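Chemist: Chains A and B supply the protein sequences, listed in that same order. Taking the working numbering, the leading residue of the first sequence gets 77, the next gets one more, and so forth. Taking the working numbering, the leading residue of the second sequence gets 795, the next gets one more, and so forth.
Heads up, some of the hints might be wrong.
To be verified - Here are the simulated EDC-like pairs of lysine to aspartate or glutamate, each with C-alpha atoms no more than 16 Å apart in a straight line:
1. A:Lys363 to B:Glu948
2. A:Lys147 to B:Glu948
3. A:Lys210 to A:Glu174
Just so you know, these hints were derived from the structure itself, not from any lab. Bear in mind the structure is a predicted one, so any value in this text is a computation, not a measurement.
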Amino acid sequence: MTIPRQSSSAFRALTRRLSALFAASALALSATPAFAAIQDLLPLNSASPNYASVFGGVKINNTTPETDPFKAGAEMLSAAYAYLHPQSVVYNNPAYRERLFVLLDHRLGLAASGSNLRDIGWSWQAAYAYLLFKHHRAAELTPARIATYEAGLAANNTAIISEKPLIYEDGVLAQVWLNGDVRLAMSVYFAGQALGDANSLALAEKARAAIDGVMTKTALADGGTRYVGFWGEVASYHEDTVETFIYWWKITGSPTAKALLDSTLRYSVVSNEPDGFTEQSSNIAYKHMYNNRHNEPACLWKAYLYDDGYNYHFGRKVETASSTRLLNTILYQPSRQLIVPPTNVGVFFDGNIQGPRHRSATWGWIAHGRDVQNGGPEQLAYSQPQGYDGRMGGKATFVGAFALGPIANKTSLKGALDTVSIEFKETAGVDTDYNRGTRYRFLAQDEQTRVITRENFGTLSTTYRVSKRTSSNATPDWSTGATPWVGHQLWVLTPERVIGLVQIVNDAPATIYGLDTRLVFTGGRKGIMGSFLDLVYDATAKNFTFGALRAKIHAASYTGSVLQQRIGISDPNSTDDFSALVRINHLDTEADVPRTFAAGAARHWILIDITREGASPAPYAINVTPGHASFAVLQFHEGARKVRIVQNLGANSRSYTGSFNVGTTYASTSLHRSWSDVVSPLAVVNNIATVTDTVPGHGHMIAVSSAQPADHTNSFRTSATVFP
Amino acid sequence: MSAFLRLFSVLALAWFVAACAARRPASTAAGAAREPVSAPPVAAVVEAAKEARAAELVRWVEDAPAEAGRWLARQPAEPAFDAALCSLATHPEVVVPHPEFAVAQAARIIDDGLRLAVLAEVVSTWARIDADTARARVARLERIDGLERAHLNELLADAAAE
Chain A
77 MTIPRQSSSA FRALTRRLSA LFAASALALS ATPAFAAIQD LLPLNSASPN
127 YASVFGGVKI NNTTPETDPF KAGAEMLSAA YAYLHPQSVV YNNPAYRERL
177 FVLLDHRLGL AASGSNLRDI GWSWQAAYAY LLFKHHRAAE LTPARIATYE
227 AGLAANNTAI ISEKPLIYED GVLAQVWLNG DVRLAMSVYF AGQALGDANS
277 LALAEKARAA IDGVMTKTAL ADGGTRYVGF WGEVASYHED TVETFIYWWK
327 ITGSPTAKAL LDSTLRYSVV SNEPDGFTEQ SSNIAYKHMY NNRHNEPACL
377 WKAYLYDDGY NYHFGRKVET ASSTRLLNTI LYQPSRQLIV PPTNVGVFFD
427 GNIQGPRHRS ATWGWIAHGR DVQNGGPEQL AYSQPQGYDG RMGGKATFVG
477 AFALGPIANK TSLKGALDTV SIEFKETAGV DTDYNRGTRY RFLAQDEQTR
527 VITRENFGTL STTYRVSKRT SSNATPDWST GATPWVGHQL WVLTPERVIG
577 LVQIVNDAPA TIYGLDTRLV FTGGRKGIMG SFLDLVYDAT AKNFTFGALR
627 AKIHAASYTG SVLQQRIGIS DPNSTDDFSA LVRINHLDTE ADVPRTFAAG
677 AARHWILIDI TREGASPAPY AINVTPGHAS FAVLQFHEGA RKVRIVQNLG
727 ANSRSYTGSF NVGTTYASTS LHRSWSDVVS PLAVVNNIAT VTDTVPGHGH
777 MIAVSSAQPA DHTNSFRTSA TVFP
Chain B
795 MSAFLRLFSV LALAWFVAAC AARRPASTAA GAAREPVSAP PVAAVVEAAK
845 EARAAELVRW VEDAPAEAGR WLARQPAEPA FDAALCSLAT HPEVVVPHPE
895 FAVAQAARII DDGLRLAVLA EVVSTWARID ADTARARVAR LERIDGLERA
945 HLNELLADAA AE
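Chain A extracted, bound-state conformation (with noise of 0.2 Å):
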């Protein structure tokens, strides 16, 4: 098992990190106070904006079943507290009851006839539901009733123990679906309880185990969770993550659902823009949602729990009268502080996606240095490896940008470059899926991928197979995906550009039908969030132009046809044309001819600089070693800096040297290297600097001329120094 390569001095405060977390909960358990019984409701804060009209979301005197899942579980939840719970309002109020039974009836009706299972929009709220009217209004219940909600919950909770041995019985981490398996064992759990059987309770202690023992094992660096396998979690789910995750810790007082909870403390200040806007690109492939979902609930959540300032700012903005959510009820606390995040932050090593992240007034930048097929820092910091590579499929881009501006139709997002790759396509035909790809592959398996983050530019490098792996359970090895091809891309991210070398070649004889960059662009979602944004692409200068963002081809192996289609970037059979797919191809053939290669002959590249309006493309950008199988190195200048750049693209160390000429504008030149934080300056004869040094197989070494300290020293921020 690999892990994404920072300098080593960022491995350390990581760890120390985790220490610290771990430090923490250990703290937290010793205080975790005594918890009531399963059965007893949670107590409701009659201070709460909310608390008059909390159930006002639960549709009394309507006998049509809610067809929206996530919409008839959080009905159910509400309507039993609303007519259970002691301090409700509407306590004892039949109507609330009556729904409860519409909801009910369908839900576990279908399950019982053994349709609908394993629904994680409805399945723990229904089998909590049930257990608290069993326990608190057992005499309400027909027998009829109580015959058809049993074999429903029965039936579900077979359903979801045996749909997952790996995570039932082997406790395996890769096969984790967080946000939704947490849901669906906590459904287990609690219909075991209601149900009472001997069966029903082995697996209802199946379940929690599940949650205690592996599903909280999925904390990330800087607040993140996971989402399947070793991914990161979707920006727009960690408020379900989290609203699970309180209810478990609420109901059964688990210390360890409680660390978790506590490790999220900081992940909205790092992950979102201060005005809320959420970076995508480092999401997994077909999760670029650009909904406008920001976890402002669960950032209010936190900022009750823990009195969290950043969290507050994010968060009020749903603390209101009129809000149906039961969590702002509970926890809620009348004294809170507020600190708002800073804007201009610059470069910062952000542990979730395990790479450098820019964030400022007018955009921002990733590079996903996480690898998401194995564990990383964290999974070796909970648990020995298990044997199994994570679930689903590989990163679409390494990289992500983001042009800022005032908030309009409901975003500050300006436009994105939200994927960057070279793709082939496999077969003939029209592609159905631009998130995953049916025909053109472009997935990444098997990365190597590195990092440097300084104070003032971060890198990454990456080999990688391109995969045509979409969907999978956890497996030993993602071997099944592999193709012929392999891609390297080489990046440098600066205050004033993204820019970075792209290649792809084939390793093993292959017929394909098209090679292509392929490039997403998007202003967000029709009717959701964001504008439609013209696509300009100037022919002559190999410029495109995407409402505030920019972007340039300096240099390509060879550059045909520019192909673009506007598609709805989540939901690509939509009306949503706010997104463009951009296909640069790079051979010269007729669509859907098949050319086969022999191993090796197909090497492409492509040299891009992605910038912002009112920002220069770099005025110098070469491949300097163009169809070279062993070393990549890009060189260029920007305003402040003249920089060259090396990555080793094979498995092996290999020694490199190569003269920088780097003139006389800067007083200094230093050597970072991505497998050590030790900063080497480089003597100028001649106006040249050698670049020079033995690299570690998928290792890169940047050389950095300017007059900038920041650009000579090792030191780098992090989110703590940030947002202290």
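Dock chain B against chain A, hints included.
Modeler: Relative to chain A, chain B alone:
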């Protein structure tokens, strides 16, 4: 030449090559050494024939979805038909008037990732025509785990919100 004749000729070629391969004695090291160096391995020829057949099927679907669809629906599911089933299920002349048929053909795709991607496209298209029926069909889908079902439900919710 009609699309059907084109298809028939490709299938005949594939059958002929496969039959020749089946009659060929197991090669020995000495036998292998007598092969002309430039001759392509039989396995590669068979693979190429399969690829050609798959590409030809896709073209047939694109040209004549109704005719090709009737033929494909009678064939047993096998990986060689995956690409054609993908084109068939997502063809506008199929998925819009006959979404139930499209889902049924998408569900026959062998490759898990391709099947789920095609289902996502078909279901979200169907949801814009008849959301309730599409939702009910998703609930009955087999060979799909909870994670992908949740993704389909999310697409359904998106479609309903439009």
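Chemist: Determine for every hint whether it applies to the structure shown.
Modeler: A quick look at each hint next to the structure:
1. A:Lys363 to B:Glu948: holds (11 Å)
2. A:Lys147 to B:Glu948: holds (12 Å)
3. A:Lys210 to A:Glu174: Cα-Cα ~15 Å, so holds.
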